[in-house]
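Visitor: Read in order, the letters of the sequence shown correspond to residues -19 to -1, 1 to 715 in mature numbering (1 follows the signal peptide of the UniProt record, and there is no 0).
Don't read these hints as lab results, they were simulated from the structure.
Treat the hints loosely; a few may be bogus.
Calculated lysine-lysine pairs in the DSS-like style (CA-CA distance at most 25 Å, straight line) [what the hints assert, rightly or not]: (1) Lys607 / Lys664; (2) Lys292 / Lys226; (3) Lys559 / Lys607; (4) Lys320 / Lys292.
These numbers were taken from a predicted model, which means no experiment stands behind them.
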Amino acid sequence: MGSCWELLLLAAALRATVATCCPAPCECDNLRAHVLCLNGSLMAIPDTVPELTKKLDLRGNSFMVIPVGAFLATPYLTHLDLQRCKVERLEEGAFRGLGRLVYLNLASNGIALLYQESLDGLSSLQQLILAGNRIEEIQPGAFGHLGSLTVLDLRGNALVYLPDMVFQGLQVLRWLRLSHNSLHVLGSEAFAALPALRRLSLDHNELQALPGEALARLDGATRLDLGHNPITYVAEEALAMASLKHLFLDHASLQDVAPDAFARSPQLRMLDLRENQLQGLPPLAGAGGLARVSLDGNPLLCSCLLRPFHKWLTRARVQAEGACAAPPALRGRSLDSLKPPEMRCGRLWPPPSPTPPEQSRAAGTRQCPQGCICYPDFHHGSCENRNLREIPWDFPGDTRLLDLRRNTFRTVPPDSFPSLKELVSLHLQSCSIRALHPGALRGLESLVYLYLSDNHLSTLAAAAFEGAPQLAYLDLDHNTFTRVPADAFHLLPNLISLHMQHNAIGELVEGDLAGARGLRWLYLAGNSIRHIAPAALAPTKMLEKLQLEGNRLVEVPTAALWGLPALSELKLSRNPIKHMGDSAFLPVASSLQHLYLDNMGLEWISPHAFTGLGPKIRSLYLESNKMSNIPDMSNFTGLEILNLQDVPFHCNCQLLPLHRWINKLNLRAGATCGSPAEAQGLKVKLSTTFQTCPAWGRGEARETNPNTTKAASKPSKKKRSKNYTARGFNKSTA
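The whole structure should be built from the sequences, with the hints applied where relevant.
Guide: See the structure below:
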């Protein structure tokens, strides 16, 4: 009995501890040791969270950086949610001390790089969600301490390249999610250290060929998603995955598949080839276990040349889904309804298969420069912080990642990197570089990432990029540019991402971005931009993200937004925009999904400012402004995030539509009354001042009428279960 009383006392003590130490403005669940600090204005991890807390939910705050040892005071955490916290950097050792943590969600932040010790200390972690960040590169060893991880989610980042052994240490990982990146280079050993992997998601990337050599390391994987990649041809024996059962190659650009393409994947049961450019297929010899092939959405030519494939389907008892596109007499007929005599010879079937791309070059054999370290298994060289004054030469020819940070080179002369044709990633941050000379990158024909941040560059010539045509990510933040280097991008046809944050740029003028035709992400935060010329962004017709926060704009650059049909994210936070006029976002109304207008000192918004915006808007940030009212947003039916905190709303009858709209939302908006005096500090949703309005009774009668549709106030089941961007708001209050 004594032990029972001791347990009861311990439980009571735990409840008391959680109750008495709950930090403001958080909410605490005493019984389950949960602490929620949702959608607040926290700028740092709260240090008064009870020590025995198990689940900590910090979604929607503004931490920017997770410092070393940020959670040492809560060693019993098992679940930590840091979604949408504007995190840009994880310091090495940020999660040290969280040895019990099993779930970590860092989705929808601004993390760009994962270093080797960023995730140190998470020995029990089972699920790591990093979706929706801007991770461009993962250094080998970044996941080396996560020996218990079973799910790694890296969807929706900016990855182009995966180096060899990048996932080393993930011995029990079962699902790796890499969808919706820009991957087009995979090291042959990229997946070599994943013995337990069962599912790999590589769909929605930029792979132009089946990465057979890298995939051959996955002996135990049973499902592979490769849909939505520009793959045109599957070569003979291209896929050697002993346990593969489900292969998705839908919505690619396939024009031909070799007869023996899947001969080395004997367990293959289902092959999805929907929505490609296939006019037919040969008999798929070697795929003896195949039970189903989906060919819907292909321009199938049901001529005599399709008979061998049709005969093979019948003989092997394979179910085929698809219909004839030609000849006209058979158009629309399903494959399983055809008879051989109907498939007559007419025009010839497609041309011969394209020749597979040239195989990788032989590796170099040279030694490592004195004072540097070379890792042959990773193809990685490092001379970080060696007080070097000249760029060393003698690196192995197969080096793919070269880290030269924190030296004092001052200049990068022509031909600085001879014989490094396989180099993919070059780090030159914090090297006191003042000049990148013409021809400096000559010969780096595989270079994808170039990091030049924290230097003293003020200008760049196009000739500096000569010989590096594959460059996709250029990082120039924290330099001394006073303008975007005009005409510098003509030799970079594959440039996707340009970082020029925290320079001294004063304006964007026509011609600044000439040549940047494929640019998708433009980061210009923390400059001094006062003006953007109407045609300044015209060359960047594929632009998806435009980040202009922390500049000196006094109005929305509406005229400059015309001609950007793909723009989905616009950040104008921390600009001194006091007034917002009519149709401010009309040029991008058909594509815009995420709009940041917070911390601007905004005093007035025109009732027609949001004209054209509607169901496509998923997140709207208006917190920390000075207006007392906002336009009607009742047609923003797709909202998943709405932040109206620290806005002094005047809760009179003019605000009644907002009050009603917020009551119907299933989001935590944080809207608070600033006036009149009797309502000050109250939630707009809960204020009783609206009950004196003439229209009060009519509106509330409609809302409480049992015959009124519930669709406006009760979101659908599909909406409630939406992915990582919306989950968790169901029980929140505005």
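Visitor: Run through the hints listed earlier and report the numbers of any the structure violates, in increasing order.
Guide: none
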